[in-house]
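Between the sequences and the hints, there should be enough to build the whole structure, so can you do that?
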Amino acid sequence: MSSRAPHILTRLAAHAVVYAVAASMLLPFMWMVSTAVKTDLQALPREAAGEHVTFLPPGWPWEWRWGNFADAARAVSLWDFYQNSLVAAALTTLVAGVHNALAGFALAKFKFRGERAIFWLVMSTMMLPVQVSFIFAYIAAGRLGMVDNIQALVVPFAVSGFGIYSMKQAIATVPDSLLEAGRLDGMSDLELFWHVVRPIAWPTIAALGIFTFVASWNSFFWPLVVVDSVHSKTLPLAVAELSAGRYVQSWPVRMAAMTILTLPLIVVFVIFQRAFVRGVAMAAVKE
Amino acid sequence: MRGRSVSPYLFLAFPVAILTVFTVGPTILGLALGFFDWSGSGPARFVGIGNYRSLVSDSRFWPALRNTLVFVLLSVPPSVVAGFLLATIVQARWFVGRTLVRTALFLPTVVSIIAVGVVWRWLLDSAGGLLPRAIVAVGFERSPDFLQGGPIVSWLPWLSWPMVSLIVIQVWRTAGYCMVLYLAALSGVNESLYEAAEVDGATRVGVLRNVTWPEVAPMTAFLMVTGVIGGLQVFDIVWAMTSATETDSTVTLNLYIFREFQQSRLGYSAAIGGVLFALTLVATMLQLRVMRRNAA
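Protein chains in written order, with the working numbering: chain D, 1 to 287; chain H, 1001 to 1296.
Mixed in with the good hints, there may be bad ones.
Partial list, computed: chain H residues near chain D (C-beta under 10 angstroms) [what the hints assert, rightly or not]:
(1) T1020
(2) V1070
(3) V1110
(4) V1118
(5) F1261
(6) L1279
What follows is a list of derived Cβ distance ranges for each label pair [unchecked claim]:
(7) E191(D) - A1013(H): 13 to 23 angstroms
(8) A1196(H) - V268(D): 51 to 61 angstroms
(9) L1073(H) - A16(D): 22 to 32 angstroms
(10) V268(D) - G1150(H): 38 to 48 angstroms
(11) L1073(H) - E180(D): 51 to 61 angstroms
(12) A1013(H) - Y82(D): 31 to 41 angstroms
(13) T10(D) - L1156(H): 34 to 44 angstroms
(14) R11(D) - S1054(H): 58 to 68 angstroms
(15) L1193(H) - A73(D): 48 to 58 angstroms
(16) S1054(H) - I200(D): 52 to 62 angstroms
It is worth saying that the hints were derived from the structure and are not from the lab. The C-beta atom is built at its ideal place from N, Cα and C for all residues, glycine as well.
The structure is reproduced here in structure tokens:
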């Protein structure tokens, strides 16, 4: 910001502070991974091994035990949970991507009776806490046969007030003249959406897609309400049970399972870091 | 655009149906349910404000409300301020490793807190967590009071160790998000403002306080209010940290709502939801007000 750079010592100190904070963000993950390859005895505080506690950060695993990962995979049907989470998140992203964009298109570029009412309905859903609506949303889902299955995790999130609003804002920037030109060429509204609106609004569609995926992948409260059998459990539900010691007792094996569960998203995040930040931060940046 | 067309209705039919069936309708019914006694099957019995009257004398409700408010008040301002300070350093031209730092700080936003919560629990859990054990081993003959459910300092009886743990984790998880949003806000600040301040001989801290902070005020307002709304509805961290050992010292409104739901006391659960709804509404109104003032 300032054109004059501060004193070298100030700069060094500032770097030190920020790097320390950044390291503290990584610490729990490092701890998780390092514990995942320890033996049970190493994972415990030293007092249990007859010594005094030496409170060391992550702690180097002196004796690597890769078998923890195999044990974890055997104890918990990780692959099923993975599949459920992946299918639910991917389907939600796809379905919501289409419907949010089309609804945003309708609200941004059409005049029609009831427009204001629908717009306010959409806006209001953004501030309604799920803890008020979940009881009857659960009942509605039950009536529609969507309990304890993947549909229950997808359909209620097939559109979102936030998604529609973001798309409306993005599509509003598409010049009307382009739409008129397309219409003169005889394009239908759906063709206009696909050939004119979609390319221009693509950054928002992509960012919203990432946001939707991450939100669905990590969602916890609703799945906790609608899912109870093992065959449709998602990762966060399985992780919560795992952490309470439901499937395995050994801490290193539990951490191995956590590592298997979280690492893929971390890797994907690190690779597509820029898109993620944009996607998740989009809401406020638009202010 | 065009006068008559069925397209907008076609595009909006499904979205409006979904929002009505799963959000707006259930919210209205949920608020109404707060005035009934219902177990989920059989007829509901109208009890007027009976549920709300019970809440007033409910010895579990007040701690839940207090914990929720303590959680919000002690976690939101620190994350926002930390995010601001970090952003002002990271966006400086001389800062090395911006992408690296941003990636690290944004990681907790992306990864399921349920998973990371397990690690945190292992570190901080008052019964058997590594840090509490280390505290005991380093300086105490026997486990200090605050690890056995007592307050950390006697004059703040509501501030228990598990509560502090929740707050620490929330700050840990949201500070990076705040930083990233502040970075975006800072990139929009007009350079000439800084130059003018420099010409006037402002100190570095003076520039920060009198130029930068006011310039990003809209973002601060946004982060505060969305932070408050999110904090009021906190559920997953509390669940991850305390699922098996829940005590009154960490129960939040949301958790209490869910517990009552599990006990099939749906009307009572909905009444607590009504309280949460009112709190959220106040926070939202505040946000609208702040945003309108900024726009004007």
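Now the hints, each set against the structure:
1. T1020: Check passed: Cβ of T1020(H) comes within 8 angstroms of chain D, closer than 10 angstroms.
2. V1070: violated, 19 angstroms
3. V1110: holds, 5 angstroms
4. V1118: With Cβ-Cβ at 4 angstroms, under 10 angstroms, it holds.
5. F1261: Holds: closest Cβ of chain D sits about 7 angstroms from F1261(H), inside 10 angstroms.
6. L1279: Since chain D brings a Cβ to about 9 angstroms from L1279(H), closer than 10 angstroms, the hint holds.
7. E191(D) - A1013(H): 13 to 23 angstroms: holds, 19 angstroms
8. A1196(H) - V268(D): 51 to 61 angstroms: violated, 44 angstroms
9. L1073(H) - A16(D): 22 to 32 angstroms: This hint holds: roughly 30 angstroms between Cβ atoms.
10. V268(D) - G1150(H): 38 to 48 angstroms: holds, 43 angstroms
11. L1073(H) - E180(D): 51 to 61 angstroms: Cβ of L1073(H) to Cβ of E180(D): about 53 angstroms, so the range 51 to 61 angstroms holds.
12. A1013(H) - Y82(D): 31 to 41 angstroms: With Cβ atoms ~34 angstroms apart, the hint holds.
13. T10(D) - L1156(H): 34 to 44 angstroms: At roughly 35 angstroms between Cβ atoms, L1156(H) and T10(D) fall inside 34 to 44 angstroms, so the hint holds.
14. R11(D) - S1054(H): 58 to 68 angstroms: holds, 60 angstroms
15. L1193(H) - A73(D): 48 to 58 angstroms: At 57 angstroms between Cβs, range holds.
16. S1054(H) - I200(D): 52 to 62 angstroms: holds, 55 angstroms
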